[in-house]
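Participant: Chain residues, written in single-letter form:
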Amino acid sequence: MQLAAAILTMIAGVAACAAYFWATSLILDWIFPSKGLSGAAASRNLRITNAIRPWLFLAPALFALTIYLIYPVVQSVWLSFHDRGGQNFVGARNYNWMINDGEFRQSIFNNFLWLLVVPALSTFFGLIIAALTDRIWWGNIAKTLIFMPMAISFVGAAVIWKFIYDYRAAGSEQIGLLNAIVVAFGGEPQAWITLPFWNNFFLMVILIWIQTGFAMVILSAALRGIPEETIEAAVIDGANGWQIFFKIMVPQIWGTIAVVWTTITILVLKVFDIVLAMTNGQWQSQVLANLMFDWMFRGGGDFGRGASIAVVIMVLVIPIMIWNIRNATKESGGH
Amino acid sequence: MNPSTRSPLTWAVHLSVLLLVLLWTMPTAGLLISSLRDKDQLAVSGWWTALATSSRNDVVRAPSAEHQVERDGKFVIAGNLLEGQGGGQISAFGFSSREPATFKPGETAELNDGERLTVQADGSFEIVSDKKMEGSRGQRIFYTAATPPRFTIDNYVEVLSAAGIGTSFLNSLTVAIPSTVIPILIAAFAAYALAWMPFPGRAILLAVVVGLLVVPLQMSLIPLLQLYNGVGAFFGVPAKTYMGIWLAHTGFGLPLAIYLLRNYMAGLPREIMESARVDGASDFDIFVKIIMPLSFPALASFAIFQFLWTWNDLLVAIVFLGAGEDSLVLTGRLVNLLGSRGGNWEILTASAFITIVVPLIVFFTLQRYLVRGLLAGSVKGG
Chain A
1 MQLAAAILTM
11 IAGVAACAAY
21 FWATSLILDW
31 IFPSKGLSGA
41 AASRNLRITN
51 AIRPWLFLAP
61 ALFALTIYLI
71 YPVVQSVWLS
81 FHDRGGQNFV
91 GARNYNWMIN
101 DGEFRQSIFN
111 NFLWLLVVPA
121 LSTFFGLIIA
131 ALTDRIWWGN
141 IAKTLIFMPM
151 AISFVGAAVI
161 WKFIYDYRAA
171 GSEQIGLLNA
181 IVVAFGGEPQ
191 AWITLPFWNN
201 FFLMVILIWI
211 QTGFAMVILS
221 AALRGIPEET
231 IEAAVIDGAN
241 GWQIFFKIMV
251 PQIWGTIAVV
261 WTTITILVLK
271 VFDIVLAMTN
281 GQWQSQVLAN
291 LMFDWMFRGG
301 GDFGRGASIA
311 VVIMVLVIPI
321 MIWNIRNATK
331 ESGGH
Chain B
1 MNPSTRSPLT
11 WAVHLSVLLL
21 VLLWTMPTAG
31 LLISSLRDKD
41 QLAVSGWWTA
51 LATSSRNDVV
61 RAPSAEHQVE
71 RDGKFVIAGN
81 LLEGQGGGQI
91 SAFGFSSREP
101 ATFKPGETAE
111 LNDGERLTVQ
121 ADGSFEIVSD
131 KKMEGSRGQR
141 IFYTAATPPR
151 FTIDNYVEVL
161 SAAGIGTSFL
171 NSLTVAIPST
181 VIPILIAAFA
191 AYALAWMPFP
201 GRAILLAVVV
211 GLLVVPLQMS
221 LIPLLQLYNG
231 VGAFFGVPAK
241 TYMGIWLAHT
251 GFGLPLAIYL
261 LRNYMAGLPR
271 EIMESARVDG
281 ASDFDIFVKI
291 IMPLSFPALA
301 SFAIFQFLWT
311 WNDLLVAIVF
321 LGAGEDSLVL
331 TGRLVNLLGS
341 RGGNWEILTA
351 SAFITIVVPL
361 IVFFTLQRYL
371 VRGLLAGSVK
381 GG
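Protein sequences, first through last, are from chains A and B. Counting in the UniProt record's numbering, the final residue of the first sequence is number 335, and the numbers go up one at a time with none missing. Counting in the UniProt record's numbering, the final residue of the second sequence is number 382, and the numbers go up one at a time with none missing.
For reference, chain A alone in the conformation it holds in the complex (with noise of 0.2 Å):
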């Protein structure tokens, strides 16, 4: 019934949409006919329409973007000078309470070490399989398989690895698989989700086992790309395995190895799903976008707080931004 209501729904919009395009297209070339006019009249009509009709083709883009992208972006700024409710105005004081605010802190540190260890980790792996399974022949299921955690949601991801890291008292039998192996060895198990500081990478291993996939399918192709000759004369030179792999290979797709870090660690700076799920910020693992959501919720909301730690990490996200836009200015400069 719901699904139903859903999909006529849909096919109203697809249609309105189709029906958008379609008649602003007819009414632009019947208000300005091009087709049966003598010369100068036409090639005047045709100039016009053809300046308008891009404008036509990009109005509900824009539109859109402007409503959910860059309106939200100023917004976020103006309501971060604001009190709770966002009507008056309190200067800088939300980012003076946040520099003092001790959680803000624990998440920016936390936040920075999700920074140097998730994208460093899964490129790496990443990097290592993609090179081992271009070896082998059956390379293409392995990277299937490795690949495949890149569908499982964050709170999916978070409940498959409670089981990993769940813990029973020392004594009883443990039905977490690295309490077991723990044990196994001798060990005492650990609650290992709510030690402080180490908590982080247990988190951390999540992200890094969703991502590895994403890394190693983009670098397998890099790998592949790189000219045969180059490897063929360093295997004549004499060079070994380890030297034509980090020596050859790995400098000419520096690039692509550079994309891949930096969409990681976008990712990484938006972590919401898997603390909100393995922790929820407890035991010293906040991180600044599970702890915007608690401001905006907390306490009936506190929408200067909360929008003043996401204007952080847009200012953190800033660099990137620039970075991408200059590679894909070089790139379509020619076109």
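Derived by calculation from the structure, the hints in this document are not laboratory data. Please note that the accuracy of each hint is not assured.
Pairwise CB distance ranges, derived in the manner of DEER restraints [claimed, not checked]:
{"no.": "1", "chain 1": "B", "residue 1": "Leu-15", "chain 2": "A", "residue 2": "Val-74", "range": "52 to 62 Å"}
{"no.": "2", "chain 1": "B", "residue 1": "Phe-296", "chain 2": "A", "residue 2": "Leu-3", "range": "19 to 29 Å"}
{"no.": "3", "chain 1": "A", "residue 1": "Trp-198", "chain 2": "B", "residue 2": "Glu-325", "range": "30 to 40 Å"}
Under the rule of at most 20 Å between Cα atoms (straight-line distance), these lysine to any residue pairs were calculated in the SDA-like manner [what the hints assert, rightly or not]:
{"no.": "4", "chain 1": "B", "residue 1": "Lys-39", "chain 2": "A", "residue 2": "Leu-177"}
{"no.": "5", "chain 1": "B", "residue 1": "Lys-104", "chain 2": "B", "residue 2": "Ala-92"}
{"no.": "6", "chain 1": "B", "residue 1": "Lys-289", "chain 2": "A", "residue 2": "Asp-29"}
{"no.": "7", "chain 1": "A", "residue 1": "Lys-330", "chain 2": "B", "residue 2": "Arg-202"}
{"no.": "8", "chain 1": "B", "residue 1": "Lys-289", "chain 2": "B", "residue 2": "Arg-277"}
{"no.": "9", "chain 1": "B", "residue 1": "Lys-132", "chain 2": "B", "residue 2": "Phe-75"}
{"no.": "10", "chain 1": "A", "residue 1": "Lys-330", "chain 2": "B", "residue 2": "Gly-267"}
{"no.": "11", "chain 1": "B", "residue 1": "Lys-289", "chain 2": "A", "residue 2": "Ala-19"}
{"no.": "12", "chain 1": "B", "residue 1": "Lys-74", "chain 2": "B", "residue 2": "Asp-113"}
{"no.": "13", "chain 1": "B", "residue 1": "Lys-74", "chain 2": "B", "residue 2": "Glu-134"}
{"no.": "14", "chain 1": "B", "residue 1": "Lys-240", "chain 2": "A", "residue 2": "Phe-297"}
{"no.": "15", "chain 1": "B", "residue 1": "Lys-104", "chain 2": "B", "residue 2": "Ala-146"}
{"no.": "16", "chain 1": "A", "residue 1": "Lys-330", "chain 2": "B", "residue 2": "Ala-266"}
Beta carbons are placed, not taken as given, at the ideal position from N, Cα and C, and that holds for glycine.
With chain A held as given, fit chain B onto it using these hints.
Facilitator: Okay, now just chain B, sitting in the frame of chain A:
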């Protein structure tokens, strides 16, 4: 394969890839196996023991003396240790807590007062005595039993019928499908304009789209929540509707959609469009009849991305659809279960698997397009 590649190094490669694959698949396999296990076994033993027969130690008390029957001049108490446990194998037994596994099945143990205890491998036992047995308490029998693996879909039945997962499944579909289709159409037209229609400001617009690719979603939440509340109050409609979340997902997905599709369309050969234009086709005709069909691979890969992302999303759904009982999507439901029934592994594992099964199906059937889309988006021009 030439002989030199069959070196120890090749074996090392095979082994290390195998190890990595195991590392990466084991967590998911654990979830799947756990969700199919009996809920009593699930809570007491690790999932990796599920396939092996598990051995456990237990003790039962034989029926008391009043249940004895006289047979051939002897007095006998008989029964089965494994009664009501659905099978198993006795591997050892005993009659005192100090030596609970002294005897093998089939052997006869001499009890203290002239009674003899025999236990068979299938669990049946007999206590035989020459004289009439006395005492109100039955003999304690200690045993070690191997229980065969048991798999069941009970957990799924329980979850689907009770925990609200069914409703959430529908909610997730209701959110994900329109949120995937709507942005494609909007983005396709915009991408065409950015790729093939010359107009002033095109380069800047493209740069803006690339910039918006990385805007953190978190930025948008508070302003949009306010906006939705305002719009809802103004028109007297609820602020949290499916329409709202479809449009939100559309907005958030557009930068990637435009960027992917523009990259793809810009790579299409110019001659096709020019010859169509010479034949008198308008931009609209060219777009619908030539560009759209040719761009199918790019459209497909974006559709997969967007579907996975909207299905797996938690944040947007909680904020724009709310966390009410009727409106929870699957991811939200799972977070709730984690909090409220974190100890009920059978519910948690089955729900988690139901949550991830749709994306996994999409992933395995359409992986080709997914990879292609990733490459188009990241290794530009690749």
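Participant: For each hint, tell me whether it holds in the structure or not.
Facilitator: Results for each hint:
| no. | hint | result |
| --- | --- | --- |
| 1 | Leu-15(B) x Val-74(A): 52 to 62 Å | holds (55 Å) |
| 2 | Phe-296(B) x Leu-3(A): 19 to 29 Å | holds (26 Å) |
| 3 | Trp-198(A) x Glu-325(B): 30 to 40 Å | holds (37 Å) |
| 4 | Lys-39(B) x Leu-177(A) | holds (18 Å) |
| 5 | Lys-104(B) x Ala-92(B) | holds (5 Å) |
| 6 | Lys-289(B) x Asp-29(A) | holds (18 Å) |
| 7 | Lys-330(A) x Arg-202(B) | holds (14 Å) |
| 8 | Lys-289(B) x Arg-277(B) | holds (12 Å) |
| 9 | Lys-132(B) x Phe-75(B) | holds (6 Å) |
| 10 | Lys-330(A) x Gly-267(B) | holds (16 Å) |
| 11 | Lys-289(B) x Ala-19(A) | holds (16 Å) |
| 12 | Lys-74(B) x Asp-113(B) | holds (14 Å) |
| 13 | Lys-74(B) x Glu-134(B) | holds (14 Å) |
| 14 | Lys-240(B) x Phe-297(A) | holds (16 Å) |
| 15 | Lys-104(B) x Ala-146(B) | holds (13 Å) |
| 16 | Lys-330(A) x Ala-266(B) | holds (15 Å) |
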